[in-house]
Structures are given as C-alpha cells and as structure tokens.
Amino acid sequence: MSHTTRTLVLVALTSGLLGCTGTIGDVTGDAAPAGSSPSSSAAAGPGGSGPTSEPGTTGPTGGPAGPVTPVAPSAPTFSCDANAVPPSLPLRRLSDLQYTNAVRDAIAFALGGDAAAAPVMTALQGALVQLPVDDPAHVPEAPSGSYSRLAQDLAQAHADAYYAIAVAVGAQLGRRERLGTLLGTCATDAATDNDATCVDAFIRRFGERVYRRPLLDDDLAFYRRFYGGAVTGGIDPAGIGDIVAGLLSSPYFIYMVEHGETAQPGRKNVFSLAPQELASRLAFQFWDAPPDDALLNVARSGALRDPASYDRELARVLADPRAQKTLDEFYSDYFRLQDLPDVSTSNAFKAFAGTDLPMSMPALRQDMKKELLDFARQLTWTTPARFADLLTSEMAPPRGAALAALYGTPGSTTAAPRPGFLTRAAMLLSGVVRTRPIAKGAFIRKWVLCDSIPPPPDNAANTPLDTKNRSTREAVELLTEQPGTACAACHKTMINALGFATESFDALGRARTVERLFDDNGKEVGQRPVNTSVVPRVALDDMRTASGPADLVRLMAESGKPQACFARHYFRYTFARWESDTPDGCTLERLRKGAVGGEDLRGVVRTVAQAPAFKERSFD
Amino acid sequence: MSEPLRPTTSRRQVLRGAGGLTLGLPFLPSLLPREARAQSRLPGPRFVAMATDHGALRGSNMYPGADGLTDRMEVYPGHTIARGSLQRRLAGTSASLSPVLTAPATLLSDRLVRKLNVLRGLDINFYIAHHRGGHLGNFAGTSGGTAVKTPIVTIDQVMAYSPAFYRSLEGVRQRVIAAGQDMSYSQTNPTARTGPVTPVRATRSPTTLFDQLVGVPQTTTTTTARKPIADLVLEDYKRLRDGNRRLSMSDRRRLDDHIGRLDDIQRRLRAQTRTCAGSTRPPNGLSDGTNTTNRAFYQSLNDVIVASFICGTSRIAVVHASSGFHDYTGDWHQDVAHKFTLSDPQRLLVEANQRFFEWVFMDLLAKLDVDEGEGTSYLDNTLVAWTQESGYWTHNAQGMPVVTAGGASGFLKTGQFIDYRNQTMGHEVKMTDTLNIPFEEKYEWPGLTFRQWLGTALQAMRVPRAEYEQPDRPGYGDPYSEAQWNTKYVPGVFANAGSVLPLLRA
Chain D
45 MSHTTRTLVL VALTSGLLGC TGTIGDVTGD AAPAGSSPSS SAAAGPGGSG PTSEPGTTGP
105 TGGPAGPVTP VAPSAPTFSC DANAVPPSLP LRRLSDLQYT NAVRDAIAFA LGGDAAAAPV
165 MTALQGALVQ LPVDDPAHVP EAPSGSYSRL AQDLAQAHAD AYYAIAVAVG AQLGRRERLG
225 TLLGTCATDA ATDNDATCVD AFIRRFGERV YRRPLLDDDL AFYRRFYGGA VTGGIDPAGI
285 GDIVAGLLSS PYFIYMVEHG ETAQPGRKNV FSLAPQELAS RLAFQFWDAP PDDALLNVAR
345 SGALRDPASY DRELARVLAD PRAQKTLDEF YSDYFRLQDL PDVSTSNAFK AFAGTDLPMS
405 MPALRQDMKK ELLDFARQLT WTTPARFADL LTSEMAPPRG AALAALYGTP GSTTAAPRPG
465 FLTRAAMLLS GVVRTRPIAK GAFIRKWVLC DSIPPPPDNA ANTPLDTKNR STREAVELLT
525 EQPGTACAAC HKTMINALGF ATESFDALGR ARTVERLFDD NGKEVGQRPV NTSVVPRVAL
585 DDMRTASGPA DLVRLMAESG KPQACFARHY FRYTFARWES DTPDGCTLER LRKGAVGGED
645 LRGVVRTVAQ APAFKERSFD
Chain C
229 MSEPLRPTTS RRQVLRGAGG LTLGLPFLPS LLPREARAQS RLPGPRFVAM ATDHGALRGS
289 NMYPGADGLT DRMEVYPGHT IARGSLQRRL AGTSASLSPV LTAPATLLSD RLVRKLNVLR
349 GLDINFYIAH HRGGHLGNFA GTSGGTAVKT PIVTIDQVMA YSPAFYRSLE GVRQRVIAAG
409 QDMSYSQTNP TARTGPVTPV RATRSPTTLF DQLVGVPQTT TTTTARKPIA DLVLEDYKRL
469 RDGNRRLSMS DRRRLDDHIG RLDDIQRRLR AQTRTCAGST RPPNGLSDGT NTTNRAFYQS
529 LNDVIVASFI CGTSRIAVVH ASSGFHDYTG DWHQDVAHKF TLSDPQRLLV EANQRFFEWV
589 FMDLLAKLDV DEGEGTSYLD NTLVAWTQES GYWTHNAQGM PVVTAGGASG FLKTGQFIDY
649 RNQTMGHEVK MTDTLNIPFE EKYEWPGLTF RQWLGTALQA MRVPRAEYEQ PDRPGYGDPY
709 SEAQWNTKYV PGVFANAGSV LPLLRA
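Sequence lines, in order, name chains D and C.
Plus 44 on top of the position in the first sequence (first one is 1) and you've got this note's numbering.
Plus 228 on top of the position in the second sequence (first one is 1) and you've got this note's numbering.
Here chain D stands alone, though its shape is the one from the complex (with noise of 0.2 Å):
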C-alpha cells in the first residue's frame, strides 16, 4: 500500500495523538462488536448489549454507569441458535492473492509442474500487474482496517485484469512446442482421427483443475466451442490457447461457485456444500490456492462428506507449509502491519535515536514486522499456544541484526520484559520522536478489544499538546482528561490508560525508565520519569490496577475480551464479511471457546472448519 493510501486509511486509528482524539475510529465503526451491522457503532455483543451484555459499557460517553469494583467482569460470550441461518456472501470472488495462486496452479498444471510454470509466470507479469491490489483499504465498511480478503468489490479494472490474463496465457500455453505437453502424444502423433478426442480429453482435464469440480457435457460442448471450429486437419494450438483462456475467464475459475448439495432440514434455503466445493473451501481458506490432486482426489471419491475423512483431510491441508504461510497473511492484518508508520528524519529524531538508528530504517521496519510474524508462528505452529499467550508470552523468536541492538542486549538494562505482542517495537514505532498513547490506547480498546469509541468532537486533532518540559503522558492528560470536559469521557475512561501502560517503551520501541525531552534542533532539554500505572479498564467496569504492561496484559487475558474480539477477526477473515452476532453466533462462539482456552492456537485456526456453517451455504 502506497504511503498516502496508508495515510488515508490509518487516519482512523491514528489520528488521535493531538487533541481532543482527532478521529479515533472510522464513522463506519469497523472494530466495534455490532450486532447485526458493521455500521452499527453501538458498544455491543462481547462487552456491550448482546447476549452477554455488562453493566457500564453501553453509553456512549464510556463512563461506568455502576458502583465500581475491582473484580473482573465475567468474560464475554456469543449466543448460539442452532437454526438460525447466516447470510452468505454473493458469489465471492476469489483474493488477488487466491487468484494469481489459482493461475500458477493451472499452469503447472498443464505444464506439468511448478518449474515448469515459473518462466510462462515471468512472462506473464505483465498481464498480472493489471490484476487490482486487494488490501483492507477496499473494505468498504471498514476502510480503516480489516482483512484484505474482505474486498470483495468488482471493478472494472478486474473484469480487464481477468480476461486479459486469461489471454495472455492462453498465448502462452497455446503454442505448437507446448502441444504434446498439454494435450499429450495424441496431439503430436501422426494420426488425425484422433485429434478431436484429444481435444476434448484435454478440456476435461484442464477443466476440472480450473473448475475445481468435473465438467459436465453441457460445459464440454461450450468449451469446445472457443476452439474455433471442428478439429481438423490437426490441432491448432492457437485454438487450445482460446480453450484455455476461455476456460481461465470462466466464472468458475474468478469466483468461488457454490450450488449446495443436500437440503439442510428445517432451515430454508440451507445447502451442505458438494465435496468439490467444501474441498476448494478448506484449499482457499488455508493455502490461498485451489485444491491440489489429493484434495480434488478425495472430494471426487465423495469422502469429504465423511467426517472422519474430512478430518483427515482438514489435518493434511494445516500440515502443508502453505497453511503458515497463509496464517501469516492474516496476522500481518490483525497486528496491522501495514500500518507501521515512517520514521521522522528530522534532527530532533536523529538525537533521540542516537545510535540505535540504523542506516538502512527499511531493515529494521522489515525486522520488526518478521519477529511479529515470527512470534505468532511460533505460538501457532512450532509450540502452539493458547490466544492468552498472543498477548503474555515473553517468547523471543530470533530477531534481526537491526532489531537486536535497539532491543538490548539480554540481561541488560535496556533488555525489559517484552509480554506479548503488544510491547513488540512494530506495535510501538511512532515514527517521531514522541510515543502516541492516544493511538496506542484505541487500537487496543477497537482492535483488540472490540469497544467501540464515540466519534470525536471536530477538528479535535488540531491542537497540537503542549509538551513544554512535559512528559507525552502529562501533556496527553493535560489535553484530554480535565474534568468535566467531553475529551475526559473517553480518554480518561477507555482510552488513553491502554496507551500509558507501555510508556516504558519508547517511540522505537526501546525500554526506558525516563522520557527524553528534545527540542527542534535535537538538543535534549530535560528528562521526566515515566509513569505506566493506570486503571486500564479492560472491562470499563473493572477497576483493577495495572503498574504496567506486564499487568496490562495480564489483565486484558483474564476478562476474556480480546478472545471474543478475536473470534469476531477471525470470523471475517474466513467468511470474508462482516459477522453478524445472532445467525452467526454458533461459529463465534466456537471461535471464542476455542481462544479462551479449549483449544491452541492452532486449535483455533483448525475449528473454524469444522463448524457447520463452513460446510454448507444459504441460497436466500
């Protein structure tokens, strides 16, 4: 995503580091737990007015409506009705991602193998620079921050992108040299009788690769048809290149098509979905790419509709090195890698990164999104761990060169603690050299918490704070917590303690027990202690003290809530929509059990499948 594209969408959660909150959250209310809408910006579901709703979190000013006390809430729970039925998405559309996957597939494929398909994939570059970038941008209900696969949005500049990559490579695949690979020795003998035979092997073949599901006759005589007449005289490999890119233009092969099998009893217009489709599910869901031979195998046998098979085969697909690498994709989106911010050249940043600022910024960008990354693998896939341990594990996955030194060495000083992803420096960068509580505390309470957050006053971001001889928490509370004030209503009760608590960690992300104060010209002015202790409000009704991140955490692990909002993440990641609590609530509540402890993470990422409403489709 292009700088300025990342401005636009950051805004939402980022805006809020001068005054008033400037914009804290997107109109659209994109992290909030909104029942049945995503514009929804009430504070519900999970910590709100759904079926689990708490005291105190339902205004909209955030305040706690009850008596306080410092015990914790009861954690958040979905309710499930066995009957109701989910909407589905309309014919979706496979990700940029899924699709160029789709086409190295069918290329190797016909070529007979990857090495094969790498240099028709070079040459093809540029037809699939046409391709539009599919990125949370393109969510519009939440083009603040979401998951890329939620783009579900037709261009025209797809439509173009589609046909011309399915004719550039049937260009490429509908060349003589290329005949005997593609169609076999039917196609390079000397007989001719045999040609139309070949030819129509070759459609059903190739076919039920792109399809992902046998052709029936009806498709083989359409195919036929691209070829451009009868088969004659020998084949024309121009005639296979138009076969082949009318079968990559199909809707098929751009869309995942779903027709249902089996009618859900007492539920209308519920479908299970045929073996084929609930093969290419599970395929898109963890590869990114289509079903291979084993999995199209399986599902022409009919055995996915086993559930012992369908285990089996769910078990093989997470085994595949493809599923890390897809979950990578999706925890990129939820610690919103993206948006990790450029960092200041000006002097006074330069002196207060001294020489922990190395030449080349980009590799260290780079090493603090991979030990993210990193991070979450290993608690996924090496020793998988519960969720809690997402947000409280000190686990160090080697770090980059660059990363290592501005972390300290360990049992330094400058060496802290690090629980969690949160106190990672990727979730910490500025990028100036002041920390950003204020956008720090509300990526957490929507993020990861799924609270909603009124929209601010206007024009709230444009006073700047008054950091004179102040530390970044003085001059925030200076700004935004006066009594009495509508900025106190929330920063003070939902905001900016979430931000305070990793003060101890500087704007790159260092340890420290002082704040630097700097001037314009990088000169250093003063020191002010840092103070992490806060009421942080994870619940807006637990009272309970936090000294600082470790406590935090802590905290924010036991009331249960970045489980739920989890659940609600990974839900949309999967079904590529909104959830909506009511229909869909069977799903979310097994997501949330599982991330509240039933299950590792990996657990987490496995049960999703197995929940019914990822096996079947309503045709509404």
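Just so you know, these hints were derived from the structure itself, not from any lab.
Heads up, a few of these hints could be off.
[What the hints assert, rightly or not] With the Cβ distance kept under 8 Å, some of the chain C side facing chain D (calculated, not the full set): (1) V303; (2) V428; (3) S476; (4) I493; (5) G558; (6) D563; (7) D700.
[Stated by the list, open to error] Restraint-style ranges between C-beta atoms, simulated for each label pair: (8) R498/C with G273/D: 17 to 23 Å; (9) R220/D with R498/C: 39 to 45 Å; (10) D572/C with T589/D: 38 to 44 Å; (11) V177/D with T557/C: 22 to 28 Å; (12) Q698/C with K369/D: 47 to 53 Å; (13) K455/C with G156/D: 28 to 34 Å; (14) Q494/C with L264/D: 21 to 27 Å; (15) N238/D with K466/C: 50 to 56 Å; (16) N341/D with T521/C: 48 to 54 Å; (17) K466/C with P442/D: 36 to 42 Å; (18) A711/C with Q526/D: 25 to 31 Å; (19) N341/D with K466/C: 31 to 37 Å; (20) T557/C with T166/D: 54 to 60 Å.
[Unchecked claim] As a list, the in silico DSS-like pairs of lysine-lysine whose alpha-carbon atoms are at most 30 Å apart: (21) K536/D with K377/C; (22) K312/D with K455/C; (23) K466/C with K659/D.
From a predicted model like this one, the values you see are computed outputs, not experimental measurements.
We put the CB at the ideal spot given by N, CA and C, even for glycine.
Go by the hints and put chain C onto chain D.
Just chain C now, kept in the frame of chain D:
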C-alpha cells in the same frame, strides 16, 4: 491490422515530458486540409479532476491577494461575492498568483493564466474530515462525522454514463481514466445503474494505462488472426446466470455485474482496431509516493491522458495524487497536516502544494494547450479542476479550494479569481488566539456550496440537470448541512445550488 485514428501528418508536435518521457502526438487537426477541418466536429468537452490530500492552506498562501478582487456583486439578497481578473506577478524567472500558485514564468504564462479560474469559498457544509470521493461528490465513507452515510456515484461516473456526454462510444477505450489513488465511485453495474456504490480501482501504472488507452492492444486474442473470445466469455457468464444450477438471487446479481463489465470489454475490443501512432510508451517501473518519484510519475500520467484525449480513447480522467511532494520523512499526516496552524508545517504544506501545482497541474495544462482545430486548443475544450481534501482547516471542507483551467468548449468564462464567501458576514471558528494566526485567517465566511460547483462541472460537460438532480436537492451530492452552518447562509445559497456558479458561465 490496426489503422490510424486519423490521418497522420508529417508535422508532429512532440511534447517532452519530465522524467525523460517523450510523447509524440500523432496529429494536429489544424494541419489537416481546410476542407477536412470544415467537416470536422469536435467530440465535446472533456473533464479532468485532480485532487490532493489534506489542504489547510492559509488563504494568504493559497489565493491571490484581496487587492485583486476588484468587483463586488450581490448574487442573492444578503450574499455578496467578489471577483477580479487573474494577474500573475513576476519575480525573476518565476510567476505567481499566490505562494502556492507559483511556477516558472514560461509555464505560468499570461496565456495560461487567462485560462485559469481560482475559486474561493465553496463549502461542504459539515465536518467531513478525511475522504476520498468528496472531491467528486461522494461525501460518504469518510473518517469524520456521521452525517452522510449513503455513498453515491461521483460526477465523473455520472458524466461517463450520460448519453449527453458520450454521445458515441466509438473509439472510447475507457469512459473514465482513473489514476493514482482511488477517488471515483460507481455502482457495481454502472450501465444498468444498479448495485452498491464501490470505488473504481485507480491504475497506478502509467505504462499499463498507456497500453490500455493508447498502445496497440495486446489482448484481443491469443493470435491476431483469431476472433476475440469476449463473446464466448460473456455467454459463459450468461449461461451460468440463466442456467438451472442452484444460485442465490444475490449470486445472480453479482453475475449481472460481471456481465456488465464484460459488455464493456466487448465494446472496447471492437474499437481496438484503432491505434494512436507515434505515442511513446512510458517506461516500466514508475511509481509515486516520494518527492523524487512523483514528478516523473504524474507527468507520465499526464502524457497518457493527453494522448488518450487526442486519440479519442477517453474524455474523462480523474487523478488522485498521493502525498509525497515533499522531502519530509516523518508522519506528514500527524505532524504536518494536523499542525497546519504552526508556521513550519504550514510552510511545508505550501511547498508541497506548490510542487503539485507546478509539476502536475500546470504540466498538464501546457500539454493540453495545443491546437485542436476550429481555433481552439485541447485545453479550451477541457475542464481541468484541482481540489484539495480540506478547506482552511485540516478535516474541514468549508472553503474547498478549486482551481480550474479550460473553458469546457466555451461553457466557462476563465481568467478570474472569484471569492464566493459572503463578504458581508462571517463567524469565528472556535480557536484559541494563542496560535498567532493573522486575524483574517481565523474567520471562516460562509460561501456557496460545493454541491453547486459539482453541478456546474456536470453542466459544463453538457449533462442536463434532470439527469443527476434529485427532487429538492439542487446541485450534486448529499445536501446535508450542519445546523450550526445552516444559519450562516442566506436562503438563496441552497435554493440556487443547482445553477451554474455565479460569474462562471461564458
């Protein structure tokens, strides 16, 4: 075999763009024999929308001085506006209308100044904050308040699908060239005018745009001797939509949307036997986003737009420029745009916007200002408009600056600085006095509505009001206006928002 769109001439005008790109324009109609010119008919006006992020430029930085406002006029009872003729000021090799509107004197020439308009005081009457489509009338999907929720198509799309604009699609490869960042919004089935409104994916590659608009088509079929497969692909989608395999209603609507897109491909393929001989393909790898790359990137885009206009493969372009016309490497959004009240950030904003004006906006004007025939230039037959995301204040769009060029084929009067703010009233914005801002900058004066500007642009493109106006909603765009603002306008401002902006009609 391709055939030239128009007869080639031995006298080509070659425009050299920055960044080393040379664009050879294939023809000049004025060079055609007189008989041919007499028979020629210009295709109709063209529209280019350019937009930049943020804004928040002080009036004294963005606009010509008030001393240039020589005339006053009461346009509605109680609302007086001011105007004057644009006059450039020379300083060495530079010419300027204001600190932002500054360029080399050879570029900001008297000739081009006479084709500009600088419009001040066009208001989006609510807190819109950050937006993409607001420039062109889609006031929803913003990061600001909750006022406008329903997205609507942007005016470029209204033009693109108006029979009054594209009277013929002969030779048109793209109804709208969308480049840079997303800014244009259309329905998912724009031909049928059905479906939700979604962003039109903007192209980020001048090279790709060139191939699509100007170059010899590469994708008509696998070999040039064969018939394009588009007809069969279209049939494939209809086959699924109309077949007896189980689909939901929304599945079928989705197929309809795709079929609409395929229809457009099919139409263009029929037109693609023409090509624009002589144009040069931009190099691969151009990218935007930094001060060192933006100039070549956007000037290459300009080259492609101009070539497309001259070839007749499109008549609308929308270019949403990225930030990055600056060397600042910190957080531009937080530490410059949001700190616009401070002197250093304001200076950076002026520098960045001046670069856009000179490098992109004026570059396009110069390239368009070549003879199209009938005594006019392409620029004369185009309306180019540059808008910024915010008005006087970051996040606010009261006083959206609009700089236009070109007369839209005789529709617009040019060469003017018009201040639409009501010169007889004002109200103070809540802002402390400690910010050391000149008195005049602390006041927002209600002007006319941005909706009226959008309607003016549509009418300049000959789109009848009946095609786009909703009952009781004159102009274009959601008419929502915050109560605190409503009281500041005289009734005539809203009632007449459907008319062409005062003093602009030629």
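Here is what the structure says about each hint:
| no. | hint | verdict |
| --- | --- | --- |
| 1 | V303 | violated (28 Å) |
| 2 | V428 | holds (6 Å) |
| 3 | S476 | holds (4 Å) |
| 4 | I493 | holds (5 Å) |
| 5 | G558 | holds (3 Å) |
| 6 | D563 | holds (6 Å) |
| 7 | D700 | violated (25 Å) |
| 8 | R498/C with G273/D: 17 to 23 Å | holds (22 Å) |
| 9 | R220/D with R498/C: 39 to 45 Å | violated (29 Å) |
| 10 | D572/C with T589/D: 38 to 44 Å | holds (40 Å) |
| 11 | V177/D with T557/C: 22 to 28 Å | holds (24 Å) |
| 12 | Q698/C with K369/D: 47 to 53 Å | holds (49 Å) |
| 13 | K455/C with G156/D: 28 to 34 Å | holds (30 Å) |
| 14 | Q494/C with L264/D: 21 to 27 Å | holds (24 Å) |
| 15 | N238/D with K466/C: 50 to 56 Å | violated (33 Å) |
| 16 | N341/D with T521/C: 48 to 54 Å | holds (49 Å) |
| 17 | K466/C with P442/D: 36 to 42 Å | violated (55 Å) |
| 18 | A711/C with Q526/D: 25 to 31 Å | holds (26 Å) |
| 19 | N341/D with K466/C: 31 to 37 Å | holds (32 Å) |
| 20 | T557/C with T166/D: 54 to 60 Å | violated (34 Å) |
| 21 | K536/D with K377/C | holds (29 Å) |
| 22 | K312/D with K455/C | violated (45 Å) |
| 23 | K466/C with K659/D | holds (27 Å) |
Comparing the model with each earlier hint shows violations of hints 1, 7, 9, 15, 17, 20 and 22; every other hint is respected.
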